[in-house]
Structure formats: structure tokens, C-alpha cells
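K.L.:
Take a look at the letters that make up each chain.
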Amino acid sequence: MSHSQLYLNLAVNGLVEGLIIAMAALGITLVYAVAKFPNAATGDFMTFSAYTAKGASVLAGGSLVFGAGVAVLASALLAALAYLLIFRRLAGRKLVAPLVVSIGLAFLIRNTLTFFVGTDPTVLPVPIVRAVEVGGIFLQPLDLAVAAGAAISLAAAFIVLHKTPIGRRMRAVAGNADLARVSGIRAGRVMLQLWLLVGMLAAVAGVLLAAKSVIEPEMGWHLLLPAFAAAILGGVGSPIGALVGGVLIGLAQELSVPLVGSTYKAAVGFVVILVVLLVRPSGLLGRDRSVR
Amino acid sequence: MPFHSILSRRRFLAGTAAGAAALALPAGPLRAQAERPFRIGALNPLTGPGSEEGAGMLATLQATARLINEAGGIDGRMFEVISEDDQTKPEAGVLAAKKLVEINKVDAILGTWSSSVTLAVMSAVTQPNDVMLFTCSGAPEISEENTKDLVKRFTPTSFAYGVAYARIALKSGYKRAVGMHLNNSSGKAQIDGFVHEFTANGGEFVDRIAYEPSKPSYRSELQTALASNPDCLVLGSYLADTTIILREAFQLGSRAGVLAPHWALGTKLVEAIGAPAVEGVSTASAVLTKDNPSVALYDRLYREAMGEPGSANAYGAMCYDMVNVLAYAIAAAGPGASNADINGRIREVANSPGEQVFDFVSGKDKLKAGKVNYSGASSLVEFDERGDDTGGLFSWDVLQDGKAVQRELITL
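The listed protein sequences derive, respectively, from chains A and B. Be aware that the first sequence starts at -13, since it is given in my numbering, and climbs by one per residue. Be aware that the second sequence starts at 1463, since it is given in my numbering, and climbs by one per residue.
Isolated chain B, as found in the complex (with noise of 0.2 Å):
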């Protein structure tokens, strides 16, 4: 097809020669005498599955960095927001953040979404390069490979839902737990999680049972969970399958506790089995958090970029955090630093301890006078050693008449 052909290439060569002069204007002579602009590449769900909540992220990203360049950005230095959509797909991710990377020379990208997009990315640009990525994705395997250092994840893990659960479970006072969960690495983190916590707390963990999806009934496998005659039975699991070992829990009569997955517990759950079979069933849901300026600010932010309250959108509130903590690893850094010295600054302004400081623009001044403690909105944002979040504030909540009820809040 020779005339398709030319005709794609013109209209690819027409569209590169443009995507170059737009690139060209910001990063031209016109900011020649300050320091060259910290580029991020916003890698958000525009499309498909994640789009949901892409907009608002990508929104959250442009609004805070504007916030910041506006007052005088960082020490001078400005940050320059380059978007591209990674559609939700793997491949289309790649594709994009090889190109934020190469033509655009972004120095990070943040606020990949989905595990599968953020997986392929991390392989294609963390390797070779001293890019930094902040991602709101759950897998585990994400911290398993970022070997070196480069990702940080601002989402509660897989493995922290695990942690939490364990912590409700000591707090119902459980002695003897079981736990169940579907075969995927979901699953099996948030079990590792809590068995990890549980232990260490005195708690005795007796059984666990992997299972697979779409069986007709796990019954079989709740009944050799429960012969060891657990007081707790914890889940890893999904709305389908948590909907059939609910609803054979009760009828067997398993009187041992049970906790579950928020995103297995909606009304849906409570509309198929009913309300009695999930009676004082808990779960831990993660939350923005409480009292603190960051989450007021960025409550502002995304009402005035898009119209809902910053509640509406979790991932929002991370990216948010992700611009903030980001500005102040670049301050501590001082001017010049490289990338890999910005990276290094990541823990030293977000952990504890620290002063306490929120965003950036009113809190850059207490950096100057000493360590810095950020907290974020959509957590307290305190990275480990594999670069995971272990300062998310989780909701422990119960179903009381087929309703999710607050009982406290946990922090990990």
C-alpha cells in the first residue's frame, strides 16, 4: 500500500516537526539564566480501565507544580510537566515513557496506575537510566525489583492491607488464625502481610490455603481451614469468591472472625449473601488523612481543577504528594545536584523524624533550619527500604447491618 504509506509518514513526519517546536518553546532560551526546569513525565490512565481516576491525577500533578512555580518554584528552579497516556496497557506505556525519557528528557515520571503498566515500565526505564518513577500501583513485584532505588511507591501495598488486617485482628484480641487466599500475588501478600505481623505480636498463625479462581464452591478448602479451629479466618481474596466462602461460612456456623478485603466487601456482597452472613466482618480501607493541612490543600487544588471534592480520588491525593516530596528532595539536593543525589534526598525529607512540614511552598523555609518530615494527603509518606509507603492511614471498619461502620483508624 504505497499510498498509505507516504501518506502515514507524512502526516508522522508533520506531527513529529510539531511535538518538536512545542518542546522547543518552553525549554528554549527564554529560562536560560535560571537553572535548566526539573521535566516530569506525567504517565497517567488516560484511557481505558484507570481513566477514571487519570484525569484528575494528571490535573493534581499540573496544579501542584503550577502551585509551586508560581511561588518561585524550587530555589529558582521550575518544574515543567510533559503528559502522555500509558491507555492503561503495558505496551502503550513503554512506548510513551521511552519516549518522555528519550525526546523529552524528563528527569522522572510519576503517577503510573496500573501494576501491569508500571511493571513494564520500571524494566524499560529504571535500568539504564537515572530516571525516577512514583507509581500508585499495588504489586507486589514492584518492590522486588526496584534493585536500584529508583521507584517509590506511594500507595499502601498489597502486603501493608496484610499488616493492617493483623493489626485489627490483635486489637479483636484473635489468638489462632487461618488464612485463605486466591493464587495471585495479591492474594499472597496480603496474607504474608499479616501472618509477618501477627507473629511477631504474640499471635499464632495455623494455616494457609491458596486457592484458585472461578471454582464453584471452597467449601472443601474453608472446612480444612477451619479444622484447626482458628478464632480468625482472614482473606486475600475477590468479590466472587469471598461472596461463596461468606455465604458457606455461615453455613457451616464458623464462629471464627472474620476479615476481608474492602474492595471484596461493597453492597454488592451485602445484596447477593445478605446481611446477617456478614455480619461483624472487618476490613481495613485506606484513607486521606486527618487534620493536616496537605489534605485541605489538595481538597482546593482538585475542586478547582475538577469540580469534586479531593476525597473523590485517592490517587489524586498521591500525586499530589508525589510533586511535594519531589520539590523538597530537589531543595535538600541543592542547586545542581543530579538526579541520583534528588533520589537519594527521597527519605531524608519524607520520613520521620523530622520537623513536620506539609507543602512545599510553606513549608521549604524549615528545610533550611533542619530535617524535614513531609506528610502527605493521601498518607504520612514514609519509605522503607524497598521504597514502599508505610505511612498510610488505614480505616478499620466493620459491617453492621450490612453496612461498613468506622470502628478506629490504624496507622502502620
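In isolation and in its complexed conformation, chain A is listed as follows (with noise of 0.2 Å):
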């Protein structure tokens, strides 16, 4: 293999793992453009449906789709529950309150998660099939899948928030909530369906991060770091930003492997991350705040 095969197939690696932190990212990137608040929960909810579909799919004698489809359903629930029952009540308060109690519900379902499946690792039931190789760059038919899914979802999650009155009015109550509701967009039905969609992402990045890779409580969490870098180098609050700063997260680390190691490739990302925010403090894609 030569140096620049490498590089490319480190660059496909990259694209990838990219796409899922794009995923993680977006529906980071949402709840704070309308809920105001960095979900700390995002992750967890990634790892609770890449368990459900798991489980779902041992019951359902091996069918992937029919895992995917639960984990899709019961992560959305649990998203909407987390929103009624929990964050609902912090509406208003400072940015705080809801980030603490974000992150204890991350760790409560990571817990709860812990004491039904404990901590050992396991696997969806994907076929393993050798890669395809294409002028040296080895091409996976999963990662294709895994790449595809990102892809669909996340063009439904943009047609959602751009070609349809759910997604105005969603952007209606992230540009302005007192002017949304004074239009008559009912806040609360906003929120709801913000967190149904939330959900739903974090359950498709979640089975999809599981099909590469193994499922342990703690997958979800360590996506996080990532996930919230990916946010911010786009710009918190823009979608495309999350998308770009995602894929941009992806490709540095994995193509910083055979230049500064394994143990640095994390490190690599938040170095991207400083230089451009010292260039454009609100990250590539957001918008300075002093123009609203």
C-alpha cells in the first residue's frame, strides 16, 4: 500500500465515523438552537437504542430492520418522556439547571442500562463480509450502509426542519420564542416534536455506530466529546454547521493516526477545534450573535 492509498483510505474511514458524529452533533446542535440548553444526554440515548435494537432483533430472530425500526420508536418515546417529564419543568431557567440535570440523565440511563445488561461488550448481528477494494482503497459494504443511513437521515432531518411547517416553527421558537408564541405557534407542541426528532436521530446514529463497532454502556458517552466538538467547530445552533463540523471532526482525527499516533488522534480534533475559533469566534457556520 502506498502513502497516498493510506491517506485515502484513512480519509474514507474518516468520512464514516464522521457522518455518525455528524448525527450526534445534529441533534445536540437542535436542542440548543430551541431548548437553549448542550443535551448531555444525547449520547446515552445513542447507546439506550443501539441496545434496544439489539434486543429487538435477538427476539425478532435476527432481523436488523425490525431492531432499527424499535430502537428508532422507543428512543423518540424516551426523548419525548425525558422532554414531558423532565426539561419541560426547567423551561425558562438559565442554561445551567438544564445541562446538570442533562447529564444525570445521562448517567441514569447508563446505569439503568448497566444493571439489566451489565458492562461486557456485544455485537448487532451484522454479516461480516469483506471489503471491496477499489485502486487500493478498501471500501466496506457496511460502512456504504452505515454512510447511507447517515446520509438519508440526515437529508430527512434538514427536509424536515426546512420544507415543512414543523421544521418553521420549530426555527420560529429557536429565532424567537415570545414573537413565535405571539404568531400563535404553541410552544409546548414545538418542543414535543423537536424531542420526538431528536430522538429519532440519535436512535439511527446509535444502531449505526453499533453496526460498526461493539455495544457497551459507555459507547454513547464517549461519542460525546466528539459530538459537542463537532457542534461547536460548525457553530452552535446551525444544522449544516453540525454536518460540516462533524465530517471535518471525523477526517482529522483518523488521517492524524500516522502522524502523531493512536493515543494524540483525539487531541488532533480539539487542536481544529481552537484554530478556528480563534479565527471566527462563532464557529464556521454560526451566526455572531451581535448581528440578531
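Worth flagging that the hints you see were computed from the coordinates, not collected in a lab.
Beyond 12 Å from chain A on every Cβ pair, some chain B residues (computed):
#1 A1533
#2 K1551
#3 K1561
#4 M1768
#5 R1809
#6 S1814
Sample of chain A residues at the chain B side, in silico, Cβ under 8 Å:
#7 L(-4)
#8 A117
#9 E202
#10 H208
#11 S248
Quick reminder that beta carbons are idealized off the backbone N, C-alpha and C, glycines included.
Each chain sits in its own coordinate frame; assemble them with the hints.
P.N.:
Now the structure itself:
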């Protein structure tokens, strides 16, 4: 394998991982834009959906599609419950209160899962297929499926946000909640729709991550840091920014492996953020607050 | 809370008095005519994560000491075993060790299990004292911090596992190896051991990649490792990362032979990624010595104490060896010897050359005739200059159809 082929391979890996990070980052950025706090439970919604997919597919005799479907529904339900039972009561509080509560919710989900399933890693019943080599680049059928799944669900999320009345109302509440209310938009309903969407996004991200990797109680929690980094890099509150940020972080991490070693690849993503934020404090695609 | 504090102080005083009375009994004038007993502090993980092993370890220490005492002790000097629970926790282990040393005046502490406990106990008891510490812990730092040579390790180190992997790689005909390991001391030491042995015997080691735990994928690391076209990939890993790496290696169509730790290659791995993806993977696991009277005697003692075969608890076998090695060293040092003298005799009685001996009762007369070489149940018991046992016996196992099949036995 030549040098350039190695880096092309690493770029492919980074792209796939970046898309999964982007989905988590989109969930974070949406909650931040509309509900005005960084949701630290995003990663554990993913873990919850990965275990749900595993359990449902085992019960259904190994059908992964069925498992994923159940996981999406269950995760949307969990996110909606989190809103109705917890975050709705904190509406209007400053950022710290819901942030701390979301960290608590993350612990609750993770430890409840650990109590029932233990800490041993497990996997989704995905058949192992050899990679297809194209000009020295190894393309993994599973990765193509993961990338396609991520792309489709990201596209669906964007269509909902920008082409439907639901999305319009969400953006209205995000822009100015008071103005939205006097225009006749019911904020509670918008919030519920937001959490359902965020739950589904986290579910797809969790199932794709589980298909590619192993399922562990901490899998989502470990993805939270790069996802937050991606959201900040892209500009908090900007959905397109989350996508761009996720892919950039994924690429930077994987391409750095031969250069700085695997141990420091997590740090590379943060160096990227540091540089970007020094030049553009609002992130790549974020709007400067003073303009609003 | 005055009421509470009075109550707890009373209870504490009562407990201390009872403990002191109990301790005074065996050590009192009853044995005044003989030499002071050699006091063993049995510091085992009776509760906590190590509890599955701890009870059998303590039972073996007690049974082996009793066997030697019943046969007249060591030239009349008896063993006395005082037990404490380290709870598999460093804080509890240090408190218990200090109690054993300062109140019970033990001469040696035997049977620590968790590396974190051993490291904490080491710095607490070996530095100002001359108390020996025999341990079953594997962390490389233990040898590095064993500056007073009071610590002896009865288990193969992570480094020794790496040496065993290298022997297997050389026997398999591999010429060019890469290593990937979790970025912790155990993973690093396994690859260090491999490189040491592999390159000393003509192998070429081309690259090592340390990686962090809990990453969703290690494919970039793997592709970077495989870019140098090795014929052998050595892993210093645990289950979760091994699952990801071996699956990705299979997907990439890697033809490099794989060596991985046995603790990562259980049935869970085979269930997760299927037998074809792990076919032909080699590993080394520490096994009890073969055709050795020590194993038979240990097995009998363990069955009597615990009601199951000795092979169920490798740490029990180590504890059996600890008491026997100690007995030989005490006998070799002669009557009235200091603990430092006894400690200085351990390699003399355990290491080759010398006449091979097994349990102390059957072998003590040979000691009078000349130099002996103790061969134990857990290992041949050979200590290197750092106090690590290099006499471990490894089984080279190869995964076939998802099951580990023994290829041959390997001595280091």
C-alpha cells in the first residue's frame, strides 16, 4: 500500500465516522437552538437505542431492520418522556440547570442499562463481509450502508427542518420564542416534536455506531465529546454546521493517526476547534450573536 | 453525635481487646521452648472483585502451612498464619497490611492479588521494614518499584506473556511483526516482551501502535499497522477492542497471523464476530505444571479445603508455592536467621541449578545434602533479578472452529 493510498483509506474511515459524529452533533445543536441548552444525554440516547436494537432483533430472530425500527420508536419515546417529565419543568431556567439535569439523565440511562445488561461488550447481528478493493482503497459494504443511512437520515432531518411547517415552527421558536408565541405557535407542541426528532436522530446514530463497532454501556458517552466538538466547530445552533463539523472532526482524527499516533488523535480534533474558534469565534457556520 | 461516638469507641475498644487476647494465645509461653514462629500475613481478596479467588487462596495458604507444621515445622520453627481481607481495594489493603506488620509483627505478607493493592501495600510495608511480600499481581510497575528486592512475584508478568507470544511467532515461522496495544502498562509490557524476545532471535519488529480504549473503530490504526506488510500482528488488548480489531482485520482481508491475549479470546469473542474471523488466531495461557508431584499435592489440599479441583484456581497454586518456597528459604538460612537472610536465600532454593524438589516436607532432607531447585504447582518458580517468576509454563493454543486447541507447551 502506497502512502497516498493509506491516506485515502484513512479519509474514507474518517468520513464514515464523521457522519455518525455529525448525527449526534445535529441532535445537540437542534436542542441547543430551540431549547437553549447543551443536552449531555444525547450519547446515552444512542446507547439506549443500540441496546434496544440488539434486544429487538434477537427477539425477532435476527432481523436488524425490525430491531432498528423498534429502536427508533423507543428512542423517540424516551426523548419525548425526557421532555415531558423533566425538561418541560425547567423551561425558562438558565442554561446550567437543564445542562446538569441532562448529565444526571445520562447517568440514569447508562446505569440502568448496566444494571440489566452488564458491562460486557456485545455486537449487533451484522454479517461480516470482506471489503471491496478499488484502486487500493478498501470499501466496506457495511460502511457504505452506514454512510448511506447517515446521509439519508441527515437529509430527512434537513427536509423536516426547512421544508415542512413543523420545521418552520421550530425555527421560529429557535429565533424568538416570544414572537413565535404571539404569532400563534404553540411552543409546547413544537418542543415535543423537537424531542421526537432528536430521539430518532440519536436512535439512527446509535444503531449505525453499534453496527460498525461494539455495544457497550459507555459507547454513546464516549462519542459525546467529539459530537460536542463538531457542534461547536460548525457553529452551535447551525444544523449544516453540525454536519460539516462532524465530518471535519472525523477526517482530522483518522488522518492524524500515522502522523501523531493513535493516542493523540482525539486531541487533534480539539486543535482544529482551537484554530477555527480563534479565527471565527462563532464557529464555521454560526451566526454572530451581535448580529441578531 | 456524642452518643454514636461513645458507642463506636466502646465497640472499638472491646474489639481491640478481644483481638489482642486472641493473638496473645498462640504466641505466648506455650511455644517459648521452640524458636519464635514464622508469622505469615495472609492478605487475600476475600471480598470485592477478587473474592472468587480469595477464599481458595487463603485456604491453600493455611492448608500448606498446616501440612508443614504437622510434619515438625522447619527444623522446629512453626508457621503461624494470620489472615486479613484486602477487600480488593488499595486503601483497605494498606490498612490491613499495616495492622499485620505493626500489630501482628508478621515476617511476610503472602497472596495479594490485585495490582493496585500490591503496589499500595508495597510502598507501605517494604520500605521501612524487612517484611517480604509474595504476590499474584501482574503489573509491570511492581518490578520497577521492587528496589529492596523484598517482593517476589509468583505469576507470569505481562512482559512474560509477550515473550511467550514471541516464542509462538518464531515457532510459527513469522519474520516481520507489528504490535498494537491498549495504551496502558499491561498492553505496553506485553508488546515490550514480544519485541525483546522476537528481535533477539532474528525477527524483525517493524511498528508499534498504542491506541486508546473505547473508540468506535480501530481501522485507521490497523491499516497504518498493516501498511508495512507484516506477516504477524501481535495484540496487547482486552475483549472490546479485540472484537473490533479482529473483525476489521477480517474485513480488510489481512493475511497476517494474529497473536492475542487469551483473556480477550473467550467464547464471547467467537459469538460476537463468528468463528471464521478468529480462525487460526494464536494465544498463550499460563497453565499448571505437568507431571509434577507439586500439582498432585496442591490438588489434594485444594480439594480437601474447597471441594473442587485445584486447577479451578491458578492463584491457589501460586499460594501453595509461596509457602513452600518460604519454608525452603527459612531452612536454608538456618536457625536464628533474620528476615533479610531468609529473603536472600529465596533464589538459592527456587532457581535452577540444583536438585529438583517439590513440597517442603518431602524435600527438606535434600536441602541438607546440597543446593535444591524448587519446582512448584503454578510454575517451575525461577526468579529473575527483579523478583519476577520466569518459570511459568504456557500453553500455545490456536483457535479452530471457534475453540482453543492446544498446540504445544512452552517454557520460558
